[in-house]
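Enquirer: Add chain B to chain C, keeping to what the hints say.
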Amino acid sequence: MGVNDVPRDEPGRVFVLCNEAIVRAAIEADVKVVSAYPGSPTTEILDTFSSVAPKFDYRMEISVNEKVALETCAGASMAGLRSMTSMKSVGLNVASDAFYSLSYTGVIGGMVIVVADDPTAHSSQSEQDGRYFAMSSYIPMIEPSDPQEAMSMVKSAFELSERHGVPVIIRTTTRVSHQSGMADFGKIERKSFAKLAWDHHPGRFVTVAETARTFKLALLERTRKMEEEFDKSPLNIIKETGSDFGIITSGAGYNYAVDACSILGLTPSILKLGTTYPIPRKLIAGFLKRLKTVVIVEELSPYLELHVESIAREANPTIAIHGKRNGIFSEAFEYNTNIVVDGIATTFGVQKTINYSAILDKAKELKNGLPNRYPTFCPGCPHRASLYALRQALKGVKHVVATDIGCYSLSILEPVNYGDTLLCMGACIGVASGIQYAVNEKVVAIIGDSTFYHAGIPGLINAVHHGDDFTLIILDNEVTAMTGQQPNPGSDVGAGGRPSKPMILENVIGGLGLEDITIVDPYDLKNAVVAMKDALTRKGPNVIISRRACALHSDRQKRRKGEVIRSNEVAKEICKKPYTCIRNFDCPAISINDNDRKAEISEELCDRCDVCAKICPFASIHLREVE
Amino acid sequence: MEKGVFSIYMAGVGGQGLVLLSNVIGSACAKAGIRALTGEQHGLSQRSGSINVHMRIGQNIRSPLIPIGGADVLLSLEALEALRYVEYLQQGGVVLMNSRIQHPIAETALHVKDKSATYFSVDEVRNRLSQVTDKIAIIDALALGRDAGNPMTENIIMLGALSVIEAFPVPEKSIRESIAENVPKKAVDANLKAFEQGKGHAYEHLCNVIKCRK
Chain C
14 MGVNDVPRDE PGRVFVLCNE AIVRAAIEAD VKVVSAYPGS PTTEILDTFS SVAPKFDYRM
74 EISVNEKVAL ETCAGASMAG LRSMTSMKSV GLNVASDAFY SLSYTGVIGG MVIVVADDPT
134 AHSSQSEQDG RYFAMSSYIP MIEPSDPQEA MSMVKSAFEL SERHGVPVII RTTTRVSHQS
194 GMADFGKIER KSFAKLAWDH HPGRFVTVAE TARTFKLALL ERTRKMEEEF DKSPLNIIKE
254 TGSDFGIITS GAGYNYAVDA CSILGLTPSI LKLGTTYPIP RKLIAGFLKR LKTVVIVEEL
314 SPYLELHVES IAREANPTIA IHGKRNGIFS EAFEYNTNIV VDGIATTFGV QKTINYSAIL
374 DKAKELKNGL PNRYPTFCPG CPHRASLYAL RQALKGVKHV VATDIGCYSL SILEPVNYGD
434 TLLCMGACIG VASGIQYAVN EKVVAIIGDS TFYHAGIPGL INAVHHGDDF TLIILDNEVT
494 AMTGQQPNPG SDVGAGGRPS KPMILENVIG GLGLEDITIV DPYDLKNAVV AMKDALTRKG
554 PNVIISRRAC ALHSDRQKRR KGEVIRSNEV AKEICKKPYT CIRNFDCPAI SINDNDRKAE
614 ISEELCDRCD VCAKICPFAS IHLREVE
Chain B
865 MEKGVFSIYM AGVGGQGLVL LSNVIGSACA KAGIRALTGE QHGLSQRSGS INVHMRIGQN
925 IRSPLIPIGG ADVLLSLEAL EALRYVEYLQ QGGVVLMNSR IQHPIAETAL HVKDKSATYF
985 SVDEVRNRLS QVTDKIAIID ALALGRDAGN PMTENIIMLG ALSVIEAFPV PEKSIRESIA
1045 ENVPKKAVDA NLKAFEQGKG HAYEHLCNVI KCRK
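Protein chains in written order, with my numbering: chain C, 14 to 640; chain B, 865 to 1078.
Excised from the complex, chain C in its bound form (with noise of 0.2 Å):
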C-alpha cells in the first residue's frame, strides 16, 4: 500500500494516492520543512508526512490552524529551506491574510502549498473554486490530474518557486486527491539537514506602503516572465488531431474530457492545462486559431472559460465556445465522465449509445423508500453522550444552537436534526455573540477542542471582553477526530510522534478570565446532566467542557494493548419497548427487531460506551455474556 512505500529507497512504480505521491515528491524534491493542519481531502499528505518523519530529517509541525502552518513554511523559506503545506480549500481562506502578504515578499527556499478544493463538498462548508486566490494574489498555480503528474508536478514546483522567488500553488480537486493509481518513485537523493545563516537585508521580507508599492511593480514583471515560461511549459500538454473541434481542460476535468471522448469515439484536439496561473495566452491563442469550437472542460466556476474568452476576441472572434456559459455544463457539483459525455454529445448533436437520464430514473424508481444512511457519530462516540446530556439539561429551555466544523456537525443531519448555525472554523462563538444580542433564547455555542484550538480563541477573548450571555460546550476529545484523529494543542506527541507540550484547555481558557468553567465526563450521564444544568441557568460567558477521548482513537489505543472490546446486550425479558435507548440517543449498534418489537444491540458495532444502559429506565441493557 501507498503509505508503506513512500519511504522505499528504491525507485519503481507503486499504486499510491495522489496525496502519498505528493509526499514522496516532496521527499524526493529534499523537502525540508512540513506544516499543515488536516483537511480533507489533503489529510492524507499531512497523514503521511507525519507517519514517515521518522525516516527522514524535515521537520515537521501538526500546526494549530492554516495559517500559522504557511507562515512557518514561509519562515523556513525565507531562509532558505524549501518547504511544503497543504490544505483545503477554505483553509486557504484562513490563511489567506499572510498569503497575499507572501506573494509580495517572496520566498528563497522553494516553497510549495497544496490546496484542494472540494466540488459537491463532500466534506466542506462550499464547494469554494481556489483558483481565484492564485490569480487574486498573482500565486502561480499548478494543477495534476493524476498521482503520476503529482509527482512530477510538485518537483517542477519547487525549481519554479526558486527560479522566481514565490510560493506555487499545488491545485487538486477530490477525485485528484484521492484518487490512487500508478506512479513511478524516482531516487531519494537528500542532503542532510543543515541550518543556514540569515542573509541580512534589512527590508527584504518586510512588506507595507513603499515596499509594497515596490513589491507589486516587481510581482507584476514576475508574473509577465511566468506567463511566457508557461506559453513554452511541457506541464501543458496539447494533443494536436487536425479536428477543427478542440477541447481545453486540466486537472480532473481532463480525465473525464478524454474517457467521454472515447465513449463518443471523437478525436478532438485537446489542451490541457498544467499551469492554470498565470494563464499562457499565447499558446492558448494559438491553440484557438486553428478550431471552429471548443468546449471548456472545468469544474465549478468558468475560470478557464472566462479566460479562453477574452484570449479568443482576438485569436479566434468567431469561434464557438461551450461550456459553462451557455449552459452545457453546470457551476453546481463535481463531473463525471457520463456529464462530459452529454455536454459533448448536447454541443455536436452526437447520438449516445447510452442514455443516462433514462438509467438515472430507473434507480430513483429502484430505489423508492430506500432508507437514508448519512454520516453520523461511531458507536461509542462521547459527542452522542454529550448531546444527549446536553439535550436533557435543556429540556423544556428554548435555545438556540451554533454549533462548528467537526464530528459533532453531524448532529445536523437525518435523524438527529440538532443545531441551528454552522459556518466555518470557530465561528460559533461569534455568531453565539451576536445571536444573544438578538433573541430571548438560551444561547448555545458547541465546538471541539481542535477547533477551539484552530480559531475559536479570539471568539472567546471577544465574549469575555464584552460579557456576552451564552454557554459554550468544548467537545474535548483529545484529538482531531474528524479528519482520521491526527494531535492537536491539547495532545502530548505531534507529528512522527515527537514529544510536545500539551495545552490543558481549563487553563487556557481561565488565563482569559473566564472563571465559570464546568468539567464534565459524558459517559457519566447523569452527573454531566446535573452539572450541565446548573451551569446552563447561571449568566455566560461560561464554558462547559465535556471531555472523554474519541472512541476511535482510544479503541486503537485498546487493541494495541491487545484488550478486547465488549459489547452491551437486551435483555429481551426485562425490555418494555420504552425506545428511550433510540430516541435522541441514535446509535447506529442499536435496532428494533421486526419480530418482538424490541431493541437490539449489534455485537460487532457496540463499543460499550455503556450510555444506552444509563438511559434504560427498565435496567434491560448490560454487558454481554460471552460463551
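Careful, some of the hints might be misleading.
Dumping the calculated BS3-like pairs for lysine-lysine here, alpha-carbon to alpha-carbon at most 30 Å [claimed, not checked]: (1) C:LYS380 x B:LYS979; (2) B:LYS1057 x C:LYS571; (3) B:LYS895 x B:LYS1037; (4) B:LYS1037 x C:LYS200; (5) B:LYS867 x C:LYS377; (6) C:LYS627 x B:LYS977; (7) B:LYS1050 x C:LYS574; (8) C:LYS245 x C:LYS229; (9) B:LYS999 x C:LYS375; (10) C:LYS574 x B:LYS1049; (11) C:LYS408 x B:LYS977; (12) B:LYS1049 x C:LYS571; (13) B:LYS867 x C:LYS375; (14) C:LYS539 x C:LYS552.
One-sided and incomplete, this derived list gives chain B residues near chain C with beta-carbon spacing under 7 Å [as the list claims (entries may be wrong)]: (15) SER912; (16) GLY913; (17) SER927; (18) ALA973; (19) HIS975.
Calculated Cβ distances over 10 Å to all of chain C for the following chain B residues [what the hints assert, rightly or not]: (20) ARG926; (21) GLY934; (22) LYS999; (23) ALA1031.
Hints in this document: simulated from the structure, not taken from any laboratory. Every residue, glycine too, gets a C-beta built ideally from N, C-alpha and C.
Expert: The following block gives chain B in isolation, referenced to the frame of chain C:
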C-alpha cells in the same frame, strides 16, 4: 460501452474496510503490471455513513469515476448499499452482495414512530436489483469471515468471490501477495483463509450464472 476497462463499483458502510480492499486490488495490479485507478472516499463519510470506491482497471482509462451504467461488478459489503448505487451497474452486470444489513439510524428512528414498519430486507434488495441483472450473488461474508477466524475479513471474503470471475483481469497470485503485504501482520493467515472461503462460496453459488475461471 468503454472497451478494455474493467470497472468495480464498491459500496459499504464507513468502517468496513472498503479502501483497504481497493488498495489490495490496486497493489495486486501494480505487481502484475496492470494499470488501475480508484476514486476513493476519505474523511467525513467514514462515520457510519454510506461509502463508495470506484475502481477501474485498464491500460488507457483516465477517469477514476465509473460513469453511470458502467460498472462490470457492483460489490457491496452491506446489502442496502448495493441498491443505493444501482445506477452505476451495467445492464446485466454482476452483483456481489454481502447479506449483512446494518440498519441506518434514520430507519430505526422511523420505527419508533411507526410500530408496524419493518426494515428493508435482503430479499427486497435482491428483487429490485433483479430488474437490472440476473447475476446476483448474495454472500454471508460475516459468517464466512468468522469461519476464517476473523469477522473483520468480510472485505477479503468478497474479494475471493470477485477473483473467480473470468473477466476480472488480475491474477490470483498477485492478489494473494498483495493481501499478505497490505493487511495487518497478525491477520494475514485469517485473510488468506477468508480469500479461499470467498472463492469457494463463489464457485458453488455464482458460477452457475456467470463465467468463472477454471
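Enquirer: Each of the hints needs a verdict: does it hold here or not?
Expert: Quick rundown of the hints versus the structure:
With a CA separation close to 23 Å, the supplied pair C:LYS380 and B:LYS979 stays within the 30 Å bound. Between the alpha carbons of B:LYS1057 and C:LYS571 the distance comes to roughly 26 Å, so the proposed pair stays at or under 30 Å and holds. For the hint linking B:LYS895 to B:LYS1037, the alpha-carbon distance of about 10 Å falls within 30 Å, and the restraint holds. Taking the CA atoms of B:LYS1037 and C:LYS200, the gap is about 28 Å. The hint holds against a cut of 30 Å.
For the hint pairing B:LYS867 with C:LYS377, the CA-to-CA distance comes to about 27 Å; that is within 30 Å, so the pair holds. Of the pairs offered as hints, the one joining C:LYS627 and B:LYS977 holds, with about 22 Å between alpha carbons and a cut-off of 30 Å not exceeded. Between B:LYS1050 and C:LYS574 the CA atoms are separated by roughly 14 Å; this keeps the pair inside 30 Å, and the hint holds. For the hint linking C:LYS245 to C:LYS229, the alpha-carbon distance of about 25 Å falls within 30 Å, and the restraint holds.
Distance hint between B:LYS999 and C:LYS375 is fulfilled; the C-alpha atoms sit about 18 Å from each other, no more than 30 Å. Using a Cα cut-off of 30 Å, the hinted pair C:LYS574 and B:LYS1049 holds, with the two alpha carbons roughly 16 Å apart. Between the alpha carbons of C:LYS408 and B:LYS977 the distance comes to roughly 20 Å, so the proposed pair stays at or under 30 Å and holds. Proximity of B:LYS1049 to C:LYS571 is assessed by CA-CA distance (about 18 Å); at most 30 Å being required, the pair is judged to hold.
For a cut-off of 30 Å, the pair hint linking B:LYS867 to C:LYS375 stands: about 25 Å separates their Cα positions. Our distance criterion of 30 Å between C-alpha atoms is met by C:LYS539 and C:LYS552, whose separation comes to about 23 Å. Proximity of B:SER912 to chain C holds as hinted, the smallest CB-CB distance being about 5 Å (cut-off 7 Å). Interface hint status for B:GLY913: upheld, as the beta-carbon distance to the closest one in chain C is roughly 3 Å, under 7 Å.
A least Cβ separation of about 4 Å between B:SER927 and chain C falls short of the 7 Å threshold, and the interface hint therefore holds. With its C-beta approaching chain C no nearer than about 4 Å, B:ALA973 sits inside the 7 Å limit, and its interface hint holds. The criterion of a C-beta within 7 Å of any C-beta in chain C is met by B:HIS975, whose closest approach is roughly 5 Å, and the hint holds. Here B:ARG926 does not stay apart from chain C, with its beta-carbon only about 4 Å from theirs, under the 10 Å limit.
The claim that B:GLY934 is not at the interface with chain C is violated, since a C-beta of that chain comes within 10 Å of its own (minimum 8 Å). Every beta carbon of chain C lies more than 10 Å from that of B:LYS999, the smallest distance being close to 16 Å; the non-interface claim holds. The claim that B:ALA1031 lies off the interface holds: its Cβ sits roughly 19 Å from the closest Cβ of chain C, which is beyond the 10 Å cut-off.
Hint compliance for this structure: hints 20, 21 are broken, all remaining hints hold.
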